[in-house]
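Undergrad: One-letter residues, chain by chain:
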Amino acid sequence: MGIYNWLVYVWGKMPILLEGALLTVQLTAIAVGFGFIIGIFAGMGRISKNRLIKSISVIYIDFIRGTPLLVQILIVYMGLPQIIGRPIPAMVAAIVSLSINSGAYVAEIVRSGIQSIDKGQTEAARSLGMTHSQTMIHIILPQAVRRIIPPLGNEFIAMLKDSSLVSVIALEELMRKAQLIYTRDYRPFDILIAASIIYLIMTLSISKLVRFSERRLRTSDK
Amino acid sequence: MTNDVVIQTVDLKKNFGTLEVLKGISLTITKQEVVCIIGPSGSGKSTFLRCLNLLEKPTSGSVIIEGTDITSKHCDIDLVRTNMGMVFQNFNLFPHMSVLDNITLAPIKVKGVTKTEAEDIAINLLGKVGLKEKAKSYPGELSGGQKQRVAIARALAMQPKLMLFDEPTSALDPEMIGEVLDVMKSLAYEGMTMIVVSHEMGFAKEVSDRVLFMDEGLVLEDDTPNNVFNNPQNPRTKSFLSKVL
Ligand SMILES: Nc1ncnc2c1ncn2[C@@H]1O[C@H](COP(=O)(O)OP(=O)(O)OP(=O)(O)O)[C@@H](O)[C@H]1O
Ligand SMILES: [Mg+2]
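Just so you know, the sequences run in chain order A and B. Residues in the first sequence are numbered consecutively from 1, following the working numbering. Residues in the second sequence are numbered consecutively from 1001, following the working numbering.
Some hints here could point you the wrong way.
[To be verified] In silico lysine-lysine, DSSO-like type, Cα no more than 27 Å apart, as pairs: (1) A:K49 <-> B:K1115; (2) B:K1243 <-> B:K1205; (3) B:K1057 <-> A:K119; (4) B:K1205 <-> A:K119; (5) B:K1073 <-> B:K1185; (6) B:K1136 <-> A:K119; (7) B:K1115 <-> B:K1073; (8) B:K1243 <-> A:K119; (9) A:K49 <-> B:K1205; (10) B:K1243 <-> B:K1185.
Think of the hints as simulated: they come from the structure by calculation, not from any bench.
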C-alpha cells in the first residue's frame, strides 16, 4: 500500500521533477563544457615555464578547490552585484560559478593527462623542429585527451550532483523543484526519494557511458 | 677542409645540479663523417648528444653550426633543429598517428611542404628503409626494428645535414638489430654526416671514420676505429674495451 501510494504521488509530480532534471543536465553540460575550455588553459598554465601564468593558474586552481562551491555560488550571485552595482540573473550566476568551479577540477585532470605523456614524445617532436605549441597541439594534447576522457566523465558526475547547490539561488533545477513540491505538500520524504532516484539514474547512465568509452579507447590504442 | 665543418663544440660543459656530467668537450665534425661514441654507462654520451640539438641546455661552452653559436640567446633553435635529425633508443614514434603521418607531420607543419609532396618524400623514404607497405599502419602494429626504421625515415624526411643516433639498437631484440644497422650503414655510405652513440662495436669498426671513447664526462680517445680498438692510448679505454669486446 505504501509503495503504491508513493508511486501514484510521485507519478503525478514526475513532469515537474523531470523538467528540473533537464535543467540539471543542461547546467552540468554547459558548466563542464566551459570548464573544459578553462581547464585546458589553466591545466597547461599550471605546468607553464612562465612564472606569471603559472602563479595565476595555481592561485585559481587552489582557491576553487580549497573553498566550498556553495560559497563560490554566493560570491557570484550575492557578492558580485555589490561590486558591479547591479543584480546578476540566477541563471547567469549559476553557469558562471559552476563553470569556474569545474574549470579548476578539469585543470588538474588536464595537467595530469599532459604529464602522463612520455617525455620522449616532446623530445621527438622538438628534435624535428616543431615549436612548443606545435608539439602541444599535434602531439601531446591529442594523446592526453584519450586519457582525460574517463576522469572527465567522473567530473561530469560530480558536477551533476554538486549542481544541486544552485537551488539556494532559486534556480529551478531538480533539487529546487523537489523543495518547491515538498514545502507545499509536506511529503519531503516521498519527493526526496524520488529526486534521489532520478539523480542516481543520471549518474549511473553517465558512468556506464564513461566505462564504455574507456573500453573503446583502450582497444583503439592497440 | 675547414669550411666543411658541420658541427663544432667548444669546451662544452653540462652540470645537473652539482653533478658534472660533461667536463669540457671540444671537437669538430666535418661533412660526411661518421663518428661513433662509445663509453661506459653514465659517462655522458647521451647528454653530449642531447646538448648538440639543445634538448639539454649546456651549462657553458658553445655548439657551433655553420658559424652560428646555437647556444646564444638570439639563435632560433627550432630552425637549427630542422637541420639535425635525432633517433632515440625508445623510437618515440607518435602512437596516435599512422606511419605516414608520423613522417609527414614535421615537413608539413615546420617546413610548409605541401601534403602531396611530403607524402611522396615519405613513401620514398619508407621504400629506402624497406617498409613501404607499412605506410598506413600504426606504430603499435610494428615490431621494434620496424619502429626504429620508421623513426629514421621520420628524421630523414626533414632532409637534415646531420643525424644523431642515441643507442638506436639498444632496445631491440637481437634478431632485429641487423635490419636497423643495415639502414644506418646505407645512410653512411650515401654520405650522411652521423654521430652514433652505440654499443655495437662491429658497426663502429666497420662503418665509422672516427671513434670517440667517453668516460666521466671527457673524451679520452678520438681516433680511427683501427687505432682505438687495436691500439688504445688511454688505460681506461683499454679496460673498457676488454670488457665489451
Ligand atoms: N635530466 C637529468 N637530471 C639529472 N641527472 C641526469 C639527467 N640526465 C642524465 N643525468 C646523469 O648524468 C650522467 C650521464 O648520463 P648520460 O645519460 O649522458 O649517460 P650515458 O653515457 O648516455 O649512459 P648510458 O650508456 O647508460 O645511456 C648520469 O650520471 C645520469 O644519471
Ligand atoms: Mg645514454
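Undergrad: For every hint, state whether the structure bears it out.
TA: Checked hints:
{"no.": "1", "hint": "A:K49 <-> B:K1115", "verdict": "violated (33 Å)"}
{"no.": "2", "hint": "B:K1243 <-> B:K1205", "verdict": "holds (16 Å)"}
{"no.": "3", "hint": "B:K1057 <-> A:K119", "verdict": "holds (16 Å)"}
{"no.": "4", "hint": "B:K1205 <-> A:K119", "verdict": "violated (33 Å)"}
{"no.": "5", "hint": "B:K1073 <-> B:K1185", "verdict": "violated (36 Å)"}
{"no.": "6", "hint": "B:K1136 <-> A:K119", "verdict": "holds (25 Å)"}
{"no.": "7", "hint": "B:K1115 <-> B:K1073", "verdict": "violated (33 Å)"}
{"no.": "8", "hint": "B:K1243 <-> A:K119", "verdict": "violated (32 Å)"}
{"no.": "9", "hint": "A:K49 <-> B:K1205", "verdict": "violated (44 Å)"}
{"no.": "10", "hint": "B:K1243 <-> B:K1185", "verdict": "holds (25 Å)"}
Consistency note: the structure conflicts with the earlier hints numbered 1, 4, 5, 7, 8 and 9.
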